[in-house]
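Hey, can you work out the whole structure from these sequences and the hints?
Taken in order, these protein sequences are the chains called A and B. With the UniProt record's numbering, letter number 40 in the first sequence gets 40, and the count goes up by one each step, no holes. With the UniProt record's numbering, letter number 233 in the second sequence gets 233, and the count goes up by one each step, no holes.
Please keep in mind that the hints were generated in silico from the structure rather than gathered at the bench. Virtual Cβ for every residue (Gly too), placed ideally from N, Cα, C. Among the hints, a few may not be true.
[Stated by the list, open to error] Covered, in the sense of this in silico footprint (three residues per stretch, anywhere, with C-beta under 8 angstroms from a C-beta of chain A), are these stretches of chain B:
#1 135 to 141
#2 167 to 173
#3 309 to 321
#4 332 to 344
#5 360 to 374
#6 402 to 411
#7 512 to 519
[To be verified] What follows is a set of in silico ranges between Cβ atoms, one per label pair, in the way DEER data are often shown:
#8 Phe29/A / Arg125/B: 54 to 62 angstroms
#9 Lys103/B / Thr401/A: 54 to 62 angstroms
#10 Lys332/B / Thr401/A: 40 to 48 angstroms
#11 Glu405/A / Arg125/B: 50 to 58 angstroms
#12 Lys103/B / Arg202/A: 44 to 52 angstroms
#13 Glu357/A / Thr157/B: 50 to 58 angstroms
[As the list claims (entries may be wrong)] Heads up, simulated BS3-like pairs for lysine-lysine below, C-alpha to C-alpha not over 25 angstroms straight-line:
#14 Lys284/B / Lys56/A
#15 Lys233/A / Lys103/B
#16 Lys409/A / Lys399/A
#17 Lys302/B / Lys433/A
#18 Lys458/A / Lys370/A
#19 Lys482/B / Lys162/B
#20 Lys302/B / Lys54/A
#21 Lys56/A / Lys482/B
#22 Lys56/A / Lys332/B
#23 Lys162/B / Lys126/A
#24 Lys159/B / Lys483/B
#25 Lys233/A / Lys179/A
#26 Lys329/B / Lys385/B
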Amino acid sequence: MASGQQWVLVEMVQAFYEAPAYHLILEGFLILWIVRLLFSKTYKLQERSDLTEKEKEELIEDWQPEPLVPLVSKDHPPPKYDVVSGPTSHKIIVNGKECINFASFNFLGLLDNERVKNQALTSLKKYGVGTCGPRGFYGTFDVHLELEERLAKFMRTEEAIIYSYGFATIASAIPAYSKRGDIVFVDEAACFSIQKGLQASRSNIKYFKHNDMDDLERLLKELETEDQENPRKARVTRRFIVVEGLYINTGDICPLPELVQLKYKYKVRILLEESLSFGVLGEHGRGVTEHFGVNIDDIDLISANMENSLASIGGFCCGRSFVIDHQRLSGQGYCFSASLPPMLAAAAIEALNIMEEDIDIFRLLRDKCKHIHSALQGISGLEVVGESISPAFHLQLEKSTGSRELDVKLLRGIIDYCMNRQIALTQAHYLDKEERFLPPPSIRVVVTIEQTEEELEKAASLIKEAAQHILQHTVLGH
Amino acid sequence: MATTADLVSNGNIHRHNQNINTFKSDAYVRSGFSNHCSKHNGKANGCLDKRPFKESFDQAPLYVAVLTYVGFGVVTLFGYFRDFLRACGLEKCNLAQEREEQKDFVPLYQDFENFYTRNLYMRVRDNWNRPICSLPGPQFDLVERVSDDYNWTFRNTGKTIKNVINMGSYNYLGFAENNANFLTTVADTTRQYGVGVCSTRQEMGNLDIHNELEDLVATFLGVEDSMTFGMGFATNSMNIPALVGKGCLILSDELNHTSLVLGARLSGSTIRVFKHNNIQSLEKLLRDAVVHGQPRTHRPWKKILILVEGIYSMEGSVVRLPEIVALKKKYKAYLYLDEAHSIGAVGQTGRGVTEYFGLDPSDIDVMMGTFTKSFGAAGGYIAGKKELVDFLRTHSHSSVYATSMSPPVTKQILRVLKCIMGQDGTTMGIQRVRQLAENIRYFRQRLQEMGFIIYGNEDSPVIPLLLYMPGKVGAFAREMLKKNIGVVVVGFPATPITESRARFCLSAAHTRGMLDKVLNTLDDLGDYLSLKYSRHSRSTQDRTLRQNSVINH
Chain A
1 MASGQQWVLV EMVQAFYEAP AYHLILEGFL ILWIVRLLFS KTYKLQERSD LTEKEKEELI
61 EDWQPEPLVP LVSKDHPPPK YDVVSGPTSH KIIVNGKECI NFASFNFLGL LDNERVKNQA
121 LTSLKKYGVG TCGPRGFYGT FDVHLELEER LAKFMRTEEA IIYSYGFATI ASAIPAYSKR
181 GDIVFVDEAA CFSIQKGLQA SRSNIKYFKH NDMDDLERLL KELETEDQEN PRKARVTRRF
241 IVVEGLYINT GDICPLPELV QLKYKYKVRI LLEESLSFGV LGEHGRGVTE HFGVNIDDID
301 LISANMENSL ASIGGFCCGR SFVIDHQRLS GQGYCFSASL PPMLAAAAIE ALNIMEEDID
361 IFRLLRDKCK HIHSALQGIS GLEVVGESIS PAFHLQLEKS TGSRELDVKL LRGIIDYCMN
421 RQIALTQAHY LDKEERFLPP PSIRVVVTIE QTEEELEKAA SLIKEAAQHI LQHTVLGH
Chain B
1 MATTADLVSN GNIHRHNQNI NTFKSDAYVR SGFSNHCSKH NGKANGCLDK RPFKESFDQA
61 PLYVAVLTYV GFGVVTLFGY FRDFLRACGL EKCNLAQERE EQKDFVPLYQ DFENFYTRNL
121 YMRVRDNWNR PICSLPGPQF DLVERVSDDY NWTFRNTGKT IKNVINMGSY NYLGFAENNA
181 NFLTTVADTT RQYGVGVCST RQEMGNLDIH NELEDLVATF LGVEDSMTFG MGFATNSMNI
241 PALVGKGCLI LSDELNHTSL VLGARLSGST IRVFKHNNIQ SLEKLLRDAV VHGQPRTHRP
301 WKKILILVEG IYSMEGSVVR LPEIVALKKK YKAYLYLDEA HSIGAVGQTG RGVTEYFGLD
361 PSDIDVMMGT FTKSFGAAGG YIAGKKELVD FLRTHSHSSV YATSMSPPVT KQILRVLKCI
421 MGQDGTTMGI QRVRQLAENI RYFRQRLQEM GFIIYGNEDS PVIPLLLYMP GKVGAFAREM
481 LKKNIGVVVV GFPATPITES RARFCLSAAH TRGMLDKVLN TLDDLGDYLS LKYSRHSRST
541 QDRTLRQNSV INH
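Next comes the structure, spelled out in structure tokens:
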């Protein structure tokens, strides 16, 4: 082989001698041209303008940007928030009126639990309030490590990692794994923080119909054929399914056993958001995996916030160390944010203690959910949306008026009617223009174990009454 | 055409030259400005503040840069060698492994992604995430941990390292404290409200104390209104998308914090990056943007938003605000100022960089800041005109989807704000602000005298001390801990590859004794590890200091 190369070289030199002069000149010229191109200034379209300085100044003078925020018209004043004076616990004072709270996600009533408060106070005495640093730079407290250990133990996973903000948890976890070019299959009803996480990941996103496993399988099959066409790309394209345990937007439970089957059939990883189902579903409150009896190791990552059942602040992810540990350097909301104030972590630990000691609370919560769920059936004009064991569900208009604005107004009427009679409710709020699939307007009803049977009955009958009272006019209008 | 930046610097051309002469050729140009240049800011904003703007970014001798690269090269080579050994099965691989059932899935991580973590970071991992078991005050207790497998896992010995001097926490004003008398309101709030809220601001989580806090923040900053959020990081990443979108342009400083970068990305606007704190670079981008409009279509941009930070947490530099405000006015852009590290820490009364430069807060369109640092709490705020805040109350991602701020945290911020503003009837707040300024001057001067290269503005509480070589990063942090001093070290990828550094964050709670202990230790360690790279002779340093003190009086 070496001799062959030598021969080519000799031939080239020979050819150089034999070539005519014009040929050499032309080639020399071409080489010079290439050199010139290599060293010339970078070609930039924008700089090739023939504007004089004066014209530029005029352009700068003329340009009028849009206002930073749109001007508010007089007929659409900014909406006022309801003001809560005092805690958002069972009894709540909204806009000066004392009500029974049917609006905050304090499912297990741990917000005003004395034990939780006392632990928080003990922690306050020792650690103060803030941590003054991210986890990497002296923001890791022994309390954080304890909470992570306890959460992992509670969920029966290898490892857990805590974030200082519920919203940031799944929104940081998704882009830690799924990168540009990867494929994510998402349920259409996925909550906003999932949507933001997906956007940050810049992955290829495929939405499947809400809880529709056939639709998901159709998409997975499509991908399979694509993979066969381009196996080299398929070998490096990570693929994920992102679902919620209990959907905050619909109150539905995801069909986890089917999802796990699909996972192994098509080799896709499952990321599960359990903010609503953690501490709610399952005999021990471990969430949707326990509810269905699915092996928790079959789920690649579980994320939940500590702001609902645990009634503290923050969020956590749990799963196998192989998966979770990666976030300690790649989870943006973990690395670049100050850590959770120790007193909030201490409160979460005590809340976990209570959940572990008394598993009756989960059964009690389910009973109450079923109770109000059945009491709310058959209201003319209002439809109950969500599973009967979901502690947060929606009341939607059976028939939309055709205008979202008007629907919202009607529902607000029902809420005000109840609020004036000591039942605090709220609408489910969305950013209409930002949501991928905007859910219809609805009243959110939240059940907690602190609500007595009478209160549940009262709420149901009041809502019924309000619906009759408010919706009557529109029904007549049709 | 004279650019705005030129106009500003013309005012003190004399002093500028003088400095360059003093430092001869040591001065090197970074971001288009000579180092050690001082400026009067008066011309840009019409006020008569005589404060010199003194920022330094010395360059290390060439051999240091070369050795740094050699250092990284050696570690990388060893990394490949060890990876080879692991692949052959000669070395035990301590990494957590994929489940057997999922081995045929597409790998979750590409092999090269973790090369750096596995082979470089793992060697010095013990210097980060050190668990602490006390208040993060000026002194704290660390959980002692040891590793039996070269940092792959740690084991607590059950002992604590007591009274380590804390040079790492962002406790600028010393409000990370557990004095029960100061915390009575916080404790009462915990008893009354509990720790959580369990709802969002727009639904059932808008507490009376949230409103109280927002009013006070607005008063403190001297703006019309403000809104607060539960997490500082999310304040940026969830509000920038509400302000700008497609068809808008974001001009972002190259060293902006991840949260700003994330927010800019999520907004869907076009992003262009200017050199760190470099007015010429910013003006060029602004000019091009206004003149040429959007790429291809040449339609004019809808809005242009400039994203800057008050104090940059890795450089210790202070934003050149007067120049940027002048530019923003000239080109009708909007300015988003992130005061995460500067609020409370600079300015005569702790009101941040606007006060530091004597600017009117209404010149800044969006004032953002966090409560994690100077306030010893958690969360962030956005403040500005009433229209802006009203718009955010409706459109901020955070107000609709995220749980609102924890009541005890809210109360802590209220308490600290009242203290800084003197509303608690004491002068403790203002004393702390002054104490911090004094500590900064003292610490920076001493470090410079010792011959270390330190970055940043002379008034910045963030003080990066350059270590350069990767081997020294680990050595420095470990040696300091042996002397009972907790420091933060940072290296690539948080900094440029050749500029690994230690970072000190000063606090008003540091006593002179603590600072002296740290300085003396640094002096010894600096000789031991050869960290004194500065080529300014001590006599020159002294002269400059004297000059400065003359100017300051």
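Hints, verified against the model:
Coverage of the segment 135 to 141 of chain B by chain A holds [criterion: at least 3 residues with CB-CB distance below 8 angstroms; count 4]. For the segment 167 to 173 of chain B, the assignment as covered by chain A holds, since 4 residues bring a beta-carbon within under 8 angstroms of that chain's beta-carbons and 3 suffice. Counting residues of the segment 309 to 321 of chain B whose CB lies closer than 8 angstroms to any CB of chain A gives 0, which falls below the minimum of 3, so the coverage claim is violated. Counting residues of the segment 332 to 344 of chain B whose CB lies closer than 8 angstroms to any CB of chain A gives 3, which reaches the minimum of 3, so the coverage claim holds.
Residues of the segment 360 to 374 of chain B with a Cβ under 8 angstroms from some Cβ of chain A number 6, which satisfies the need for three, so the listed coverage holds. Restraint check on the segment 402 to 411 of chain B versus chain A: 6 residues with Cβ-Cβ distances below 8 angstroms, three needed, restraint holds. Residue count for the segment 512 to 519 of chain B with a Cβ under 8 angstroms from a Cβ of chain A: 0. That is fewer than the three needed, and the coverage hint is violated. A hinted range of 54 to 62 angstroms holds for the C-beta pair Phe29/A and Arg125/B, which are about 59 angstroms apart.
Checked against the hint of 54 to 62 angstroms, the C-beta distance between Lys103/B and Thr401/A comes to roughly 55 angstroms, which is consistent with it. At about 43 angstroms, the CB distance of Lys332/B to Thr401/A agrees with the hint of 40 to 48 angstroms. Hint check: Glu405/A to Arg125/B, Cβ distance near 56 angstroms, so the stated range 50 to 58 angstroms holds. In this structure the hint that Lys103/B and Arg202/A lie 44 to 52 angstroms apart at CB is violated, the actual value being about 27 angstroms.
Taking 50 to 58 angstroms as the suggested C-beta distance range, the pair Glu357/A and Thr157/B does not conform, at roughly 31 angstroms. Proximity of Lys284/B to Lys56/A is assessed by CA-CA distance (about 12 angstroms); at most 25 angstroms being required, the pair is judged to hold. With a CA separation close to 18 angstroms, the supplied pair Lys233/A and Lys103/B stays within the 25 angstroms bound. Simply put, Lys409/A and Lys399/A have alpha-carbon atoms about 14 angstroms apart, close enough for the 25 angstroms limit, and the pair holds.
A threshold of 25 angstroms between alpha carbons decides the hint, and for Lys302/B with Lys433/A the separation of about 18 angstroms falls inside it, so the pair holds. For the hint pairing Lys458/A with Lys370/A, the CA-to-CA distance comes to about 15 angstroms; that is within 25 angstroms, so the pair holds. Restraint check for Lys482/B and Lys162/B: the C-alpha separation of about 12 angstroms stays at or below 25 angstroms, so the hint holds. Simply put, Lys302/B and Lys54/A have alpha-carbon atoms about 23 angstroms apart, close enough for the 25 angstroms limit, and the pair holds.
With a C-alpha separation of about 61 angstroms, the suggested pair Lys56/A and Lys482/B falls outside the 25 angstroms cut-off, and the hint is violated. About 15 angstroms separates the Cα atoms of Lys56/A and Lys332/B, which keeps this hinted pair within 25 angstroms; it holds. Restraint check for Lys162/B and Lys126/A: satisfied, since their Cα atoms lie roughly 15 angstroms apart, inside the 25 angstroms limit. Among the hinted pairs, Lys159/B with Lys483/B is consistent with the structure: their alpha-carbon atoms are about 17 angstroms apart, no more than 25 angstroms.
Proximity of Lys233/A to Lys179/A is assessed by CA-CA distance (about 14 angstroms); at most 25 angstroms being required, the pair is judged to hold. Straight-line distance between C-alpha atoms of Lys329/B and Lys385/B comes to about 16 angstroms, which keeps the hinted pair within the 25 angstroms bound.
When each numbered hint is compared with the structure, violations occur for hints 3, 7, 12, 13 and 21.
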